[in-house]
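There are 2 protein chains.
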Amino acid sequence: MRTHFDKQLNKLNDELIEMGSMIEKAIEHTIKALVTQDIDLAKYVIDSDEQINRQERDIESLCLKLLLQQQPVARDLRQISSALKMITDMERIGDHASDISEIIVTLLKREESYIKHLDHIQSMAKETSVMLVGSVDAFVNRNQLQAAAVIEKDDVVDDLFRKVQSELVQLIHEDPNCGEQATDLLMIAKYFERIGDHATNISEWVIFSLTGEHVHGKLIPEEQTQ
Amino acid sequence: MRTHFDKQLNKLNDELIEMGSMIEKAIEHTIKALVTQDIDLAKYVIDSDEQINRQERDIESLCLKLLLQQQPVARDLRQISSALKMITDMERIGDHASDISEIIVTLLKREESYIKHLDHIQSMAKETSVMLVGSVDAFVNRNQLQAAAVIEKDDVVDDLFRKVQSELVQLIHEDPNCGEQATDLLMIAKYFERIGDHATNISEWVIFSLTGEHVHGKLIPEEQTQ
Chain A
1 MRTHFDKQLN KLNDELIEMG SMIEKAIEHT IKALVTQDID LAKYVIDSDE
51 QINRQERDIE SLCLKLLLQQ QPVARDLRQI SSALKMITDM ERIGDHASDI
101 SEIIVTLLKR EESYIKHLDH IQSMAKETSV MLVGSVDAFV NRNQLQAAAV
151 IEKDDVVDDL FRKVQSELVQ LIHEDPNCGE QATDLLMIAK YFERIGDHAT
201 NISEWVIFSL TGEHVHGKLI PEEQTQ
Chain B
1 MRTHFDKQLN KLNDELIEMG SMIEKAIEHT IKALVTQDID LAKYVIDSDE
51 QINRQERDIE SLCLKLLLQQ QPVARDLRQI SSALKMITDM ERIGDHASDI
101 SEIIVTLLKR EESYIKHLDH IQSMAKETSV MLVGSVDAFV NRNQLQAAAV
151 IEKDDVVDDL FRKVQSELVQ LIHEDPNCGE QATDLLMIAK YFERIGDHAT
201 NISEWVIFSL TGEHVHGKLI PEEQTQ
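Chains as they are written, first to last, in the UniProt record's numbering: chain A, 1 to 226; chain B, 1 to 226.
A couple of the hints might just be wrong.
For identical chains, the list gives no copy identity; a pair is met inside one copy or between any two copies.
[As the list claims (entries may be wrong)] Quick list of in silico lysine-lysine cross-link-like pairs, BS3-like style, CA-CA up to 27 Å: (1) Lys153 / Lys109; (2) Lys153 / Lys163; (3) Lys32 / Lys153; (4) Lys109 / Lys126; (5) Lys109 / Lys11; (6) Lys163 / Lys65; (7) Lys163 / Lys25.
Calculated from the structure, these hints are not laboratory results.
All of these numbers come straight from a predicted model, not from anything done at the bench.
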């Protein structure tokens with residue numbers, strides 16, 4: 001029984017890695033679409049979001065099957081219930097990549113040149129992608145330190161957001177005519193900041209799955225922790 | 001067989017109305033939390049999002065059961081596959097209410113007074129709520145005109161967004177110190193604009209379910225339309 005259960009847990013890990021990889025690609029394509037002004041690539045990200053949603057459903061079914069059939073306890077139970085929580089955050093990251101791509105489509109249709117260099121926004125994309133991969137790896141490798149490193153990285157993303165924000169606010173202050181594009185870029189940066197938040201949540205669930213302790217006061221419904 | 005199928009379709013309608021009502025309440029609480037500066041109410045909306053997600057899963061299961069067991073064709077098939085699509089948009093509206101509430105929590109923690117009157121944002125909340133209810137009603141009543149009215153209303157929401165956006169740009173132009181709060185309010189307005197987009201999608205699915213025709217170039221996978 002235990003061997004079969006282990007196999008199922010391995011399958012769960014594989015599916016989570018696959019979902020992580022799908023989202024990583026979505027982030028990568030999103031930022032490439034912005035930088036290379038590629039409207040088709042942005043549309044591709046929007047269309048691909050459904051696959052990420054489908055992957056979430058599949059993993060959810062697998063988790064529920066494991067919970068029902070195996071009636072796991074303690075650490076195994078925490079691992080599966082954490083996976084259930086993690087995929088919600090992963091799915092939201094996919095949504096935000098799609099949200100960003102929708103703004104890119106609007107932005108590129110106006111055919112203006114960018115009012116600011118996109119370096120910081122590109123860095124946000126890179127850092128959030130590293131956070132996402134790190135959090136999924138931490139779950140699979142049951143590595144608490146790796147999860148903690150992801151949580152620390154969120155400050156880097158928040159700092160980058162504040163830089164983009166203050167640059168754009170300054171640009172609007174100097175010339176309100178650039179307000180429309182500035183607010184589009186501001187929203188894109190905000191969505192990347194939210195992606196960082198969700199990657200942080202994922203790592204918090206990893207730590208919960210390993211230690212049984214909630215960091216940052218997160219709550220799990222009672223019935224899933226007992 | 002048909003009677004049982006009709007009963008199941010009625011159940012589907014009831015569940016959709018219930019989900020619509022849950023989201024309507026989420027929007028209502030969100031805007032109330034913003035206007036009355038009620039941080040607890042904002043947190044309540046965030047916590048309640050899980051119930052909306054659960055309702056989506058339940059409706060999805062019901063739709064899949066109907067598709068598998070009853071093998072419906074033509075209009076019945078379109079109705080069920082449209083319901084499957086609609087709940088994705090409904091769930092995203094719930095997410096956005098939660099997103100807005102998260103921003104409200106951050107905003108209220110800074111304890112500043114609002115830099116602008118919230119009239120237009122309140123109007124956005126009201127209009128999107130009306131759109132949501134209208135689109136669910138249109139589905140249940142199989143009323144194409146009602147669905148078309150919702151789609152038309154989206155221009156009102158988009159106009160309100162542009163008003164909020166230009167007001168905030170003007171405020172930043174005059175005083176860059178209000179940039180942080182202006183960004184938060186901009187994001188809140190953006191999420192309401194997205195809620196309007198999702199309500200529009202829902203109505204487009206209603207029209208598809210009734211006529212078999214896609215409005216605004218929406219695509220449904222081939223296997224669901226045949």
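Hints and how they fare:
1. Taking the closest pair of Cα atoms, lysine 153 and lysine 109 come within 27 Å of each other only across two copies (23 Å); inside a single copy the shortest separation is 34 Å, beyond that limit.
2. Taking the shortest alpha-carbon separations for lysine 153 and lysine 163, only the intra-copy value of 16 Å comes in at or below 27 Å, while the best inter-copy value is 36 Å.
3. Proximity of lysine 32 and lysine 153 under a CA criterion of 27 Å is satisfied intra-copy only: 22 Å inside one chain copy versus 34 Å between copies.
4. In this assembly of identical chains, lysine 109 and lysine 126 lie within 27 Å of each other by CA distance solely inside one copy; the values are 25 Å within and 29 Å between copies.
5. With identical chains, the CA atoms of lysine 109 and lysine 11 are never at most 27 Å apart, being 43 Å at best within one copy and 42 Å at best between copies.
6. Taking CA atoms no more than 27 Å apart as the test, lysine 163 paired with lysine 65 passes in neither setting, with 45 Å inside one copy and 49 Å between copies.
7. Proximity of lysine 163 to lysine 25 under the C-alpha cut-off of 27 Å is restricted to the intra-copy arrangement: shortest distance 25 Å within a copy versus 35 Å between copies.
Violated hints, in rising order: 5 and 6; the structure is consistent with all others.
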